[in-house]
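The task is simple: from the sequences and hints, build the whole structure.
Residue numbers (the working numbering), protein chains in the order written: chain A, 1 to 269; chain B, 270 to 324.
Simulated from the structure, these hints should not be mistaken for lab results. Be careful, since some hints might not be right.
Some but not every residue of chain B turned toward chain A, in silico, with C-beta under 7 Å [as the list claims (entries may be wrong)]:
#1 Thr298
#2 Val303
#3 Val311
#4 Leu315
Note that the Cβ used here is the ideal one computed from N, Cα and C, for glycine as well.
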Amino acid sequence: MKHGFGGPYFSGVSGTELGLAASVFLACTVEAVEALTIVLAVGTTRSWSSALYGVGAAIAALAVVVAGLGPALTLLPIDALRVVVGGLLLVFGLQWLRKAVLRAAGLKSLHDEREAFERERQAALAAGSARPGVRGRVAHVDGYAFTISFKGVLLEGLEVAIIVLTFGSGQHRVGLAAAAAGVAVSLVALVGLVVHAPLARVPENTMKFVVGVMLTSFGTFWGAEGAGASWPGGDGALLAIVPGVALVALAMVIWLRWAPARPHAARAA
Amino acid sequence: MRALRAVWDFIVGDDPLVAAGVAVAIGVTAAVQVWWLLPIAVVALLAMSLKRAAS
Chain A
1 MKHGFGGPYF SGVSGTELGL AASVFLACTV EAVEALTIVL AVGTTRSWSS ALYGVGAAIA
61 ALAVVVAGLG PALTLLPIDA LRVVVGGLLL VFGLQWLRKA VLRAAGLKSL HDEREAFERE
121 RQAALAAGSA RPGVRGRVAH VDGYAFTISF KGVLLEGLEV AIIVLTFGSG QHRVGLAAAA
181 AGVAVSLVAL VGLVVHAPLA RVPENTMKFV VGVMLTSFGT FWGAEGAGAS WPGGDGALLA
241 IVPGVALVAL AMVIWLRWAP ARPHAARAA
Chain B
270 MRALRAVWDF IVGDDPLVAA GVAVAIGVTA AVQVWWLLPI AVVALLAMSL KRAAS
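Shown next, in the form of structure tokens:
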């Protein structure tokens, strides 16, 4: 076993790596579901081909980002890498966790894919007429469908790319993290293709809570380790950090629910 | 300029004090080299950020 706690589950994958893969899978599933909603909304109301061109262009842009950042990260010494990775994961993780706790406490609207789909659909309908059709052998590209689809996939995908790169490089398993992300995105795309509707039944808010806990936990572990501190029990410390962060987050949900005054309750997501 | 702003918003998010707090906490951990400082800082930063958001 190379790293980790709990012993290998299968062919050299330790508990830490399994946690990494599960975290990346959940994060990517959530982001892919949100991107799918946007693509479906502009695809069904305006132009499927333009929406899919936007998806393709965003994937190409993401590939450039990953190809540029990935090798740069691997050039860093392991301690410096873990400080950078730990810091980024902590900043991202605390953002996810903050929103998840606010949602669970009723201080922020729960994310609803049906609502998001309807909002995007209305905006697409209000944006003027689409121009589908073919002139000669060149298909017209609907600028609105292309741009919204491109931006949606790029913004959701950028977060996924950074999570994959930071998680993967922190454990020297970028391949494993990328595979987990690939499975998640393929699964969501496949289900979206079959269902042909926003995936409103995916428990996104719970998944975001779990992802926030995992990002914050790994960020805390790698941030301290990269800064030169030694965790008691080595990698096994994650067995205490992950449930510890989860319990603290749940305690904060209860604290906020019981807090007396909430003048700005239920803001939009 | 808009691109820089977008990168800033993307990384720092809704609460810049959390990002600043994380940077300070990691810096102090590097100086004193104790493992328990960062978890305490994380709990404190989350609690303060949530309190700000709720009030």
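Checked hints:
1. Thr298: Check passed: Cβ of Thr298 of chain B comes within 4 Å of chain A, closer than 7 Å.
2. Val303: Result: holds, 6 Å to nearest chain A Cβ.
3. Val311: holds (5 Å)
4. Leu315: With a closest approach of 6 Å, the Leu315 of chain B hint holds.
When each numbered hint is compared with the structure, no violation occurs for any of them.
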